[in-house]
Each structure stands twice: as structure tokens, then as C-alpha cells.
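Trainee: Chain by chain, the residues run as shown.
Number of protein chains: 4
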Amino acid sequence: MIRLECDYTTGAHPKILEALVNTNEEPCPGYGVDLHCERAREMLRELCQAPDAGVHFLVGGTQTNATVITAALRPHQGVLCAETGHINTHETGAIEAAGHKVLALPGTDGKITAQQIHHYCEAHHTDPAWEHMVQPGMVYLSHPTELGTVYTLAELEEIAAVCHRWRLPLFVDGARLAAGLAASDITLPDLARLCDVFYLGGTKAGLLFGEAVVIPNHNLNHDFRYLIKQHGGMLAKGRLLGVQFETFFTGELFLEIGKKEVAQALRLRRAFEEKGWPLFVDSTTNQQFPVLTNGAKCVLEHKYSFEVWAKVDEAHTAVRFCTSWSTTDEDIDALIADIQAL
Amino acid sequence: MIRLECDYTTGAHPKILEALVNTNEEPCPGYGVDLHCERAREMLRELCQAPDAGVHFLVGGTQTNATVITAALRPHQGVLCAETGHINTHETGAIEAAGHKVLALPGTDGKITAQQIHHYCEAHHTDPAWEHMVQPGMVYLSHPTELGTVYTLAELEEIAAVCHRWRLPLFVDGARLAAGLAASDITLPDLARLCDVFYLGGTKAGLLFGEAVVIPNHNLNHDFRYLIKQHGGMLAKGRLLGVQFETFFTGELFLEIGKKEVAQALRLRRAFEEKGWPLFVDSTTNQQFPVLTNGAKCVLEHKYSFEVWAKVDEAHTAVRFCTSWSTTDEDIDALIADIQAL
Amino acid sequence: MIRLECDYTTGAHPKILEALVNTNEEPCPGYGVDLHCERAREMLRELCQAPDAGVHFLVGGTQTNATVITAALRPHQGVLCAETGHINTHETGAIEAAGHKVLALPGTDGKITAQQIHHYCEAHHTDPAWEHMVQPGMVYLSHPTELGTVYTLAELEEIAAVCHRWRLPLFVDGARLAAGLAASDITLPDLARLCDVFYLGGTKAGLLFGEAVVIPNHNLNHDFRYLIKQHGGMLAKGRLLGVQFETFFTGELFLEIGKKEVAQALRLRRAFEEKGWPLFVDSTTNQQFPVLTNGAKCVLEHKYSFEVWAKVDEAHTAVRFCTSWSTTDEDIDALIADIQAL
Amino acid sequence: MIRLECDYTTGAHPKILEALVNTNEEPCPGYGVDLHCERAREMLRELCQAPDAGVHFLVGGTQTNATVITAALRPHQGVLCAETGHINTHETGAIEAAGHKVLALPGTDGKITAQQIHHYCEAHHTDPAWEHMVQPGMVYLSHPTELGTVYTLAELEEIAAVCHRWRLPLFVDGARLAAGLAASDITLPDLARLCDVFYLGGTKAGLLFGEAVVIPNHNLNHDFRYLIKQHGGMLAKGRLLGVQFETFFTGELFLEIGKKEVAQALRLRRAFEEKGWPLFVDSTTNQQFPVLTNGAKCVLEHKYSFEVWAKVDEAHTAVRFCTSWSTTDEDIDALIADIQAL
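Line by line, the protein sequences are chains A, B, C and D. The opening position of the first sequence corresponds to residue 11 in the numbering used here, with each subsequent residue numbered one higher. The opening position of the second sequence corresponds to residue 11 in the numbering used here, with each subsequent residue numbered one higher. The opening position of the third sequence corresponds to residue 11 in the numbering used here, with each subsequent residue numbered one higher. The opening position of the fourth sequence corresponds to residue 11 in the numbering used here, with each subsequent residue numbered one higher.
Think of the hints as simulated: they come from the structure by calculation, not from any bench. Check the hints yourself; a few may be wrong.
If chains are identical, the list can't say which one is meant, so a pair holds when it fits in one copy or spans any two.
Straight-line distance between alpha carbons at most 20 Å, and here's what the computed SDA-like set of lysine to any residue pairs gives [as the list claims (entries may be wrong)]: (1) LYS321 x CYS16; (2) LYS25 x GLU35; (3) LYS313 x GLU35; (4) LYS313 x ARG279; (5) LYS25 x GLU36; (6) LYS285 x ILE346; (7) LYS269 x ALA328; (8) LYS307 x GLU283; (9) LYS307 x PRO138; (10) LYS321 x ASP137; (11) LYS321 x HIS134; (12) LYS307 x ASP137; (13) LYS321 x ALA139; (14) LYS313 x ILE12; (15) LYS321 x GLU132; (16) LYS321 x TRP140; (17) LYS321 x GLN126; (18) LYS270 x ALA114; (19) LYS25 x GLU266.
Turn these sequences into a full structure, and let the hints steer you where they fit.
Mentor: The following block contains the structure:
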């Protein structure tokens with residue numbers, strides 16, 4: 011069985027694992043104030059060209075989203091996001107559990123626009139009953155989105171401008187940012203310049219776990235570690251995050267992993283297109299969503315694991331193939347051959 | 011200016027006010043355990059034919075909704091309701107502030123169906139990622155809805171059956187229930203039989219304030235007063251609620267008020283129809299939503315206050331006229347005459 | 011039975027009730043933006059010599075405390091208060107339900123000191139594990155306290171200075187402030203000058219209900235109405251608060267009521283002292299706490315209702331007598347005579 | 011520098027690390043439903059002689075405490091614990107952030123008694139204002155406590171009996187349970203028999219991270235995974251927990267590690283006692299709290315890292331030495347020699 015159902019089926023990239031083994035017996039203070047964390051923070055600030063940004067390492071995405079959003083909002087405020095946004099669909103209401111409404115906007119392939127944000131804010135602030143409604147208090151984007159699509163730099167700049175106009179902090183969920191950097195024209199310095207806060211995910215790019223949060227907005231960064239602790243995200247052996255991210259940043263390993271994941275996924279995409287299979291979403295990253303006939307699906311699932319995404323009609327199903335740091339070129343070759351043979 | 015913009019523009023119905031004046035100097039214990047509250051509770055249990063139901067008097071609707079929903083849900087659960095539901099639109103996120111997601115379903119004129127509820131639950135419990143999503147934990151209906159429409163008894167029975175099947179407590183927000191009782195075939199005993207909890211609103215039917223919550227479900231009623239207190243709804247001079255509701259229930263004053271409100275509103279409706287004005291919603295209660303030409307709107311607003319509801323097109327606007335305990339037949343006569351004269 | 015167990019046993023002061031009756035049929039917009047509220051707000055700003063302060067009218071104390079504290083704190087912050095503080099003891103955890111720890115300091119007769127606040131903050135900010143602990147984020151005082159004691163102006167000034175030094179908003183719960191103004195050297199302008207937010211309670215001084223919140227701190231006042239709505243404190247018929255407070259402020263009726271309550275209570279106090287009964291707390295306001303022999307308690311409770319406060323020893327019990335707007339001089343005369351006769 | 015300031019300064023025990031390395035490339039489904047987790051769950055159920063208990067693996071202690079307590083309480087309930095309890099002191103208010111008051115009882119060396127719990131409940135339920143106070147809803151113990159002390163089986167049985175009487179779920183925080191099992195007469199089957207929920211901590215006993223939660227109470231276990239997800243505790247690469255705990259349970263490695271930690275700590279304790287240094291707390295586990303003269307402290311801190319616990323007087327300081335899986339006998343020998351030489 012070749013497993014392509016998600017990008018967290020295996021452990022860590024060998025370099026990450028090696029670094030953990032090598033530093034295992036080294037004693038370090040807890041809670042993220044060790045030298046590995048310090049060095050990793052410094053490396054990320056440099057990669058972002060943001061020497062003053064706050065940098066924090068958390069364990070997982072749901073935790074990170076809840077911590078960041080709680081830090082940014084007052085109690086009467088909610089967070090604007092696409093209907094398909096992870097915080098709106100797959101975090102068991104963690105944002106609402108922290109007291110805030112997710113203000114979902116209809117998205118296009120997982121993306122929302124500057125225009126939509128502007129209209130929502132304008133409508134809110136001109137409604138005579140404005141104080142009876144949740145105030146839009148920040149914007150959440152995923153880049154890449156949950157559907158594998160990416161924002162362009164021009165789109166992100168427009169959104170950032172609208173956020174600035176309405177004084178809304180802009181937050182980019184980068185759980186798959188390594189792939190996003192490989193597949194869009196948005197760079198880390200762009201994110202640091204345009205966002206109030208964003209993160210670069212490790213879990214889906216070859217770390218055992220870990221999300222690196224960058225907070226260029228100083229107000230938002232103030233007292234942020236209290237919130238990490240309150241949300242259960244302050245790992246006792248924080249060195250594990252420091253060691254992993256140090257390695258992740260060294261020689262831009264994250265970008266190497268992201269590029270490889272994306273290249274493999276695009277090879278798959280071409281195979282789908284050549285076969286004439288429609289794409290459920292026009293994704294350019296490491297998640298691909300072909301629409302299979304039930305027959306093709308049935309054949310492929312004997313040898314490959316993938317995720318059922320949506321039933322398209324009686325005869326067709328959209329599925330997701332996902333590449334990861336551990337996907338081999340041989341895995342992809344085999345799958346392409348099997349597709350062509352169908 | 012004849013004010014028809016909402017049903018809480020004036021104070022209390024004369025009988026209510028008189029009762030408050032008459033009992034003003036009578037000393038009573040605080041927090042709703044006085045004899046007036048006790049008597050009002052007993053009267054409401056009789057009206058509902060629910061001798062064992064819990065009955066509690068709270069001050070306002072948002073408070074009541076938050077208290078009831080918090081009492082019914084576990085932290086990972088949300089509340090199903092129509093997109094137009096008051097808890098989803100006009101309570102500044104009070105439900106989310108208490109930790110719960112509002113699971114909004116597209117409604118038809120403010121109503122949702124048994125079918126929709128069933129499909130949502132089925133989809134949730136068959137999704138492989140069910141634990142990553144908010145679990146539907148109860149159902150919230152408004153009767154009448156925010157758009158003046160009502161459920162039929164048959165519809166309510168179907169919904170109750172689906173709720174029972176999925177073990178979801180059923181909660182009916184009756185902020186305008188006095189009008190609802192006058193305009194539908196659903197009675198108080200029906201509500202007590204079919205719902206786990208519902209309330210009969212006083213604020214919009216001639217009380218200074220007050221919502222009477224009926225809880226036939228014993229588990230839900232357990233320790234409910236703690237929650238009232240925690241939500242700031244336990245009025246120190248609780249007797250004010252007892253005295254008002256005693257009067258409200260005596261001789262079914264609430265029904266008399268509801269009937270009058272509805273009759274006046276239906277006279278208006280006929281006038282709109284005779285004039286050929288479309289109705290934005292097919293409401294049978296004390297809120298009516300004609301679509302006016304901008305010209306008609308402009309003329310009428312010199313003499314009548316009403317609420318702008320929605321812009322229909324460049325030339326037309328849907329507005330809301332609302333009758334209340336203090337609307338006089340002369341008010342309605344005048345408006346009808348002015349409509350006919352247009 | 012002469013009822014002295016609390017200060018909310020009866021309805022409204024006749025002037026308040028009269029104003030409600032007189033304005034009952036006057037149509038007003040809802041939610042506190044009517045002219046009565048506007049006028050009452052202006053009157054209170056003048057009484058406070060705080061022309062720019064925010065003024066809001068809420069229904070009850072628990073609701074007010076939760077709304078104010080939620081408005082002032084970030085999620086990792088708690089509120090310092092005396093162990094006997096109302097928010098720490100008798101609000102069913104409303105502050106914690108809103109996400110914040112109550113940081114209780116041992117009090118002396120219900121009061122805390124500038125020194126205690128300073129030491130707590132210093133200890134917090136010098137502890138190496140500071141980020142693992144709840145950060146002190148504001149200070150809550152009751153004036154008068156739950157035990158009837160009052161702060162002096164000098165004490166309040168010291169506390170305000172410490173709050174300023176540690177950048178902690180200072181919040182004074184004035185549920186019984188009418189009595190406090192009558193019994194201490196602290197005036198409304200002092201409170202407006204020294205506090206970030208405080209309130210003047212109506213419920214315990216002759217209103218049907220209502221608490222008038224004054225917010226001299228502009229940051230804290232920003233968007234405050236959203237929070238009132240979210241906490242269920244935005245009364246639909248807001249005019250009821252406006253009309254009551256207008257009357258309450260006219261000719262300083264609140265002060266007249268406060269003075270009378272206090273004068274009656276002090277007459278009682280002298281009677282206890284002359285009888286040689288110890289005082290459980292040295293209260294100078296409308297709550298008095300004599301220690302009775304069980305025999306005396308037994309005799310008095312046939313004719314008077316009062317609250318059992320604390321068992322002192324096998325033979326003695328501390329009780330609370332409370333005067334209110336509706337306590338008559340004859341009530342007090344009778345009780346004093348009965349005490350002397352014991 | 012020999013580091014003895016806490017039990018999480020180094021990485022994982024070699025066997026744990028080896029297991030992680032060996033399984034690194036094995037593909038597994040995410041979120042804790044892989045075979046390693048399944049096997050580890052089965053092993054723990056056997057160790058506990060609790061074949062039907064729920065078992066869940068979370069990342070860290072604060073997260074675990076918040077998840078468990080949220081699962082057990084209704085909104086008006088709080089959790090009883092010792093004043094020194096971790097949830098009351100060092101979790102940045104995570105319990106309050108989830109809506110619940112921590113009801114702190116004065117402890118003796120970190121422990122509370124059945125008696126105290128009984129009195130608190132009795133006082134609550136007989137207080138006439140009971141509904142105005144937070145209801146005690148569960149009991150939290152730490153075993154070992156934050157001060158290194160342990161409960162005896164007799165004490166735990168008494169507490170469990172009182173909890174049963176008042177229908178309070180009993181929760182034991184076992185962040186250091188491996189040491190506790192080595193140092194008390196309480197076994198895993200005892201805990202499974204007496205508690206509604208408890209956990210066996212991995213972080214402080216040689217795992218990279220991880221806490222194994224056992225839930226014998228079925229009601230509490232119902233839907234527990236939703237809550238793990240909501241609290242950000244559902245690790246994407248859940249296999250990391252499965253693999254670590256499998257190894258931890260194999261051959262009772264956890265007990266071996268706990269025993270070694272404790273034996274080393276008791277050697278230290280004897281050295282302190284022989285030197286005549288008082289013990290700040292009578293701890294029998296892997297944390298020891300000698301009171302040092304400032305001179306001794308100054309000498310020792312050149313070669314050993316330890317934690318300052320409390321200033322005893324001008325000349326003396328209580329400190330904490332902590333042994334861990336990676337403490338060597340040579341470390342202890344060296345420290346003992348240096349103590350004797352002082």
C-alpha cells in the first residue's frame with residue numbers, strides 16, 4: 011500500500027530525526043527558552059527579514075489558531091474566514107470555545123477576496139443594529155488553503171490593504187506554508203511585511219510536530235507566552251521544537267521539502283489531466299483533487315490510500331492525493347503508470 | 011408620529027402596571043422565590059398542562075437564550091438553528107461567548123425543517139472526521155420566527171420526532187409567542203409536550219420586561235437557577251417578574267394581547283395586498299413586511315415610524331411594520347387610509 | 011413582621027414609580043438610546059464632573075461586574091479583589107465563566123490595601139514562572155464593601171496610585187454606593203477622577219432595578235455597548251432605566267435615600283452598642299452586624315426578619331440588619347424599643 | 011554543571027528514542043487511531059486491570075487538565091483542589107479560561123483530606139445562598155503533589171468515598187505518577203478502581219512528551235475525543251504517543267524509571283538529613299526540598315543547577331533538587347560528596 015491520504019502519515023525527515031537524536035542527552039531549560047529555540051527564532055527572523063518580530067514555537071495547528079485568535083480579539087469580535095477555513099470546519103469549535111464567532115464568507119476554491127472583507131465590514135458598521143452583531147475583528151486566511159489553492163502576492167497585498175483600512179489584524183494559517191512558498195509568488199518577507207501574524211507549519215512538512223508563529227505586530231506579541239501556556243501549547247521539553255526548527259531552517263530545508271512535495275504532486279496532476287480526469291479544485295500545491303470514476307477509484311484503492319473528498323455524482327467521486335516529505339519518486343512513478351494503464 | 015417600528019416602544023399594559031403599583035410596598039424575599047413568582051409558576055404549569063415542568067422568569071431574551079443553551083450543551087456541541095435565527099444574528103455572539111458554535115442552516119422565511127436537521131446529524135455522524143467537527147447538540151427554533159412566520163403543529167411534531175431520534179433537546183424561542191399562539195395551531199400544552207424547553211416572552215407582549223421559561227425536561231431543569239445567576243438573569247427584586255407574569259396569565263391576558271396585535275397586523279396586511287404591494291415574507295403575525303416603492307416609503311415615513319428591512323432593488327424597499335399591545339385601532343385606521351390614498 | 015433582612019425587599023421609591031407611570035405610554039426607541047437615558051447620562055456626567063465619561067445603564071450587579079471585567083481584561087489576566095468580594099463569593103462564578111480568574115486577597119472587614127496590591131504585582135512580575143501564572147490585570151473594590159465598611163478618600167487615592175503604577179484599571183463596585191456616599195468622604199467626582207470605571211447602584215437604593223456605570227477611561231469605554239448586549243444587559247425597553255435614573259439624579263434623590271438608610275442604620279448601631287452587644291464588623295453604612303445571644307436572636311426573630319451572618323460560638327450569632335428606602339422611622343423605633351426591653 | 015532543577019531537562023530515555031527511530035518511516039493514520047496507540051491503550055488497560063476504561067494520549071499536562079475538567083463539569087461547577095494544586099497556580103488560568111472556578115482548599119504539604127472535601131460540600135449545600143455560589147463539581151488531586159508528597163491508599167480510599175457520597179468525579183493528576191507508584195502503596199489498579207479519571211505522565215519520566223489518561227467512568231469518557239481535539243491535544247502524528255507509551259509500558263519501563271528517580275532522590279534526602287539540613291517538605295519522591303544556608307546554596311550553585319523554592323529567612327532558602335530518567339548515580343555521588351564536604 012502506497013499511502014497518499016495525507017501529509018502526516020510518517021515520522022520526521024531524516025535530518026530532523028538525526029538532530030533530535032544528537033541533542034537528546036543535552037540538558038536544556040524547559041518551556042522554549044533554551045538555546046536551540048533562541049537560535050531557531052533568530053534564523054526565522056532573518057528568513058523573514060523581520061528582525062523585531064516575535065517568534066514562538068507551538069505544537070499543533072488547532073492550538074496555534076486558538077491561541078493567536080484569542081490574543082487578537084476582544085470578546086465582542088469575531089474572525090472573518092472562508093467557509094472552508096480550517097477554524098470553521100475541523101477544529102471542533104475551538105474558536106467558539108474560546109468565546110469568538112467565526113464569521114464565514116463564501117469562498118472560491120477556499121479563498122476569499124479583499125472585496126468580500128471590505129463589504130462585510132462596511133455592512134457591519136453601517137447597520138443600525140451594529141452593536142447587536144459580532145464585530146469583525148480580524149481576518150484569517152489559509153495559504154495554501156484547505157483545498158490546495160494559493161493566494162497571489164497581488165491578492166495578499168489587496169487583502170492586507172483592506173485589513174489596514176478597517177484596522178483588522180491579518181492572520182495567515184500556514185500549516186502547509188512550506189508547499190505554499192514553493193507554489194506561489196509570496197515569500198516569507200512578504201508575509202512578515204503584510205501580516206500581523208502568520209505561521210510556518212512543520213507537522214505537514216517533515217517535522218514530528220511543530221508550528222512556527224511569526225508576529226510582526228508588537229501589540230499582538232505582547233504577553234503572547236502567557237496565552238501559549240494557557241492554551242496548553244507551552245511544551246515542557248521546548249528544546250524539541252527548537253532543535254527541529256533549527257534543522258528545518260538550516261539551508262532552507264523547509265523549502266526543499268516543500269518544493270519536492272509540490273513537484274511530485276504536479277507530476278500527478280499532469281497524469282490526471284493527460285488521462286482527461288477533471289480536477290475538483292485547481293490546486294497547485296501538494297494536495298491534488300481528481301474526480302475519478304467509481305471504477306478507477308475501485309482499482310486504485312487496492313494499491314494506494316487516498317482520501318474521499320466529495321461525491322460528485324452517482325458515477326464519480328472527488329478524491330485527494332497528498333504528497334509528503336516521505337513520498338518517493340518511485341511511489342509517484344508507480345501511481346502514474348497505473349493511471350495510464352487504466 | 012405613529013410608531014410601528016417595533017413591539018417594545020411603550021411601557022407596560024395598564025393591567026401590568028397597575029399590578030406593579032398595587033404590590034409596590036409589599037415586602038418580598040428576593041431572587042424569584044416570593045409568592046408572586048410561585049403563583050405565576052403554578053399558573054403557567056396549568057396553562058401548559060405540565061404539572062412537573064420547571065418554570066423560571068428571566069429578564070430578557072439574549073440572556074435567556076444564552077442561559078438555556080449553556081445549560082443544555084456539552085462543550086463540544088453546537089446549536090442548530092436557521093441562518094436568520096436571533097442567536098445567529100442579533101445577540102453579539104452571546105452563544106459563542108459561552109463557548110458554543112451556532113450551526114446555521116439555510117432557512118425558508120426563517121424556518122427550518124425536520125429533514126434538514128436529520129440530514130445534518132446524519133452527515134455529522136457518518137463523516138470520518140466527525141470528532142474534528144462541532145457536534146450538533148440541540149435545536150433552536152423561533153416561533154414566531156424573526157420574520158413573523160410560524161410553524162404548524164405538524165411541522166413541530168416532525169421536528170420533535172427527529173430531535174428525539176438524534177437525542178437533541180428541542181428549544182423554542184418564544185420571544186413573540188403570545189402572537190404565535192394567536193396565529194398558529196400550536197398551543198402551550200403542545201409546546202410543553204414537544205419541547206425540552208421553551209419560553210413565552212413578555213417584553214414584546216405588554217410587560218415592562220420578562221421571559222417565562224418552561225422546562226419540561228427534568229435533566230435540563232436540574233440546577234438551572236445556578237445558571238440563571240451566573241448569566242446575570244436572577245433579578246434581585248424577582249417579585250417584579252412574579253407580579254407581571256401573574257397578571258399576564260390571569261384570564262389569559264397574554265393571549266388577548268397576542269390576538270389583538272395579530273388582528274391589527276392582518277388588517278394592515280390586507281391593505282397592502284389590496285394595494286397590490288408585494289409582501290417580502292408571508293407573515294401571519296404581528297410583524298408585516300410589505301415591499302414599498304421609494305415614493306410610498308417617503309410619504310409614509312412622515313407620519314409613521316417603521317423599520318427598513320432590506321433593499322429590494324433601486325426602486326423598492328422591504329420594510330417592517332410591527333403592532334404591539336399599545337397600538338390602537340385608530341393608528342391602524344389612519345395608516346390604512348393613508349395607504350389607500352397613495 | 012418588620013423586614014430588615016436586605017435592601018431589596020420592596021419595590022420602588024414613590025418618586026421612581028410615579029415617573030414610570032407617567033411615562034408609560036410615551037413611545038421611545040429601544041436599547042438605551044432614548045431621551046430619558048440621554049438626559050440621565052448627562053445628569054450623571056455633571057454629578058461626576060466628568061463631561062467626557064461613558065455612562066451606561068445595566069439591569070443588575072452580577073451582569074455589570076461580568077461586563078466591566080470582561081471589557082477590561084485580556085484572556086491571561088485576572089482581577090484582584092478581597093476574598094469577601096461579591097465577584098469571588100456570590101456570583102456563581104460569572105467572572106470565571108467569562109474566562110478570568112478572581113485573584114482573591116485576604117481582606118480586613120472586606121477591604122484591601124494599596125500595599126497588598128503592590129506586593130501581589132511585584133511578586134508576580136519577579137517570579138521566574140510569571141508566564142505560568144494568571145497576570146493581575148485590574149483591581150476590583152466594593153464601596154461600601156459586602157460588610158458595610160467604606161474606604162476613605164486617602165485609601166482610595168493610595169490604591170489608585172498603585173493601580174496607576176502597575177497600569178491596572180481600577181473598578182469600584184458601587185451596588186450600595188448611595189449609602190457609601192452618605193457614609194464616607196469619597197464623592198462622585200472623586201470616583202470619576204480616581205477610577206477607570208465604577209457604578210452607582212439603583213436596586214439597593216430604591217429603584218426597581220438598575221446600575222449606572224461610569225467609565226472615565228476612554229479605552230475601556232470603546233465598544234462597551236457591544237459587551238452589554240453580549241452579556242444580556244441591554245434592556246429592550248431601555249427607557250425604564252432612563253426614566254428611573256433621571257428621577258434618581260433629580261435633586262440628588264439617590265443621596266437623600268442613601269443618607270436616610272445610613273441614619274436609620276446608625277440609630278440601630280447605637281442601640282446595639284448601648285446594649286453592650288458586640289459588632290461583628292465596624293460598619294458605618296446601611297448594613298449592621300451585631301452579635302446576638304441566641305436568646306436575643308430568638309426573641310427578635312418573632313417580629314423582625316434579619317439575616318444570619320455567621321455563627322460566632324455556641325451561644326452567639328452574628329446577624330445582619332439592613333435598612334432600605336422603605337424602612338420607616340417607626341420600624342427602627344420599634345426595634346430599638348424591643349432591644350432595650352430585652 | 012550537573013542539572014537537577016527539574017525532571018524535563020533532557021530528551022527521551024534511550025529505549026523511547028530507539029522506538030521512535032525504528033518506527034519513523036512506518037506509515038500510520040493520524041490522530042491516535044493507529045496500531046501503536048491501540049496497542050499502548052490495551053497495555054495500559056491491562057496494567058490497570060480495567061478492561062473497559064477509556065484511554066487517551068495527550069501531549070502535555072495543562073492541556074490534559076483543562077480537557078478532563080471541562081469534560082466533567084457543568085458550567086456552574088468548580089473543581090476542588092489544594093491551594094498548591096498545579097491547576098490553581100501554574101497553568102495561567104487555563105481552567106478559568108475554560109469557564110470554571112478553581113475552589114482552592116488550604117493543603118498540608120500539598121495534600122487535602124476527605125474531611126475538607128466533605129465540609130466544603132456540606133457547607134455549600136446548606137448555605138441559603140447556594141445557588142449564588144459555584145457548586146463543587148469534582149475533586150482534583152495531584153499524586154505525587156507539586157511538593158513531592160504522596161497520598162496513602164487509605165487516604166485515597168477515604169477521599170473516593172466522600173466523592174462518591176457527594177457524586178463528585180475524582181480526578182488524579184499523575185504528571186509524576188511514575189515516581190508516585192514507586193513511592194506509595196497506591197497501584198494503577200487502585201487508581202482505576204477509585205478514580206473517575208487519572209493520568210500517568212510521560213514527560214517527567216523519560217518520554218519526549220505525553221500524558222496517558224485513563225477514564226474508568228464511562229459517562230466521562232463519552233465523546234472525550236471531541237474535547238481533546240477542541241483543546242488542541244489531538245496530535246496529527248498521534249503514532250508518536252503510541253510508540254512512546256508502548257515502550258513505556260513494555261516491561262513496566264515507567265516503573266523502572268520511577269523507582270530509579272526516587273531511589274536517587276532518597277539518597278540525596280539522607281545526605282541532607284545527615285548533614286542536619288531541615289527539609290522544607292517531607293517528600294518521599296523525586297523532588298527534594300532541603301533548606302540551605304545562603305553559604306551552602308552559594309557554594310553548590312557553582313556546580314549544580316537547582317530551583318529556588320522559597321525564602322525561609324534572611325539566612326536560609328528552601329530549594330528543590332529533582333532527579334530524572336537521565337540523572338546518573340555519579341551525579342548523585344558527586345553532590346553527596348560536596349554536601350558532606352561543606
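Trainee: May I ask which of the numbered hints given earlier this structure violates, with the numbers listed in increasing order?
Mentor: 7 and 18
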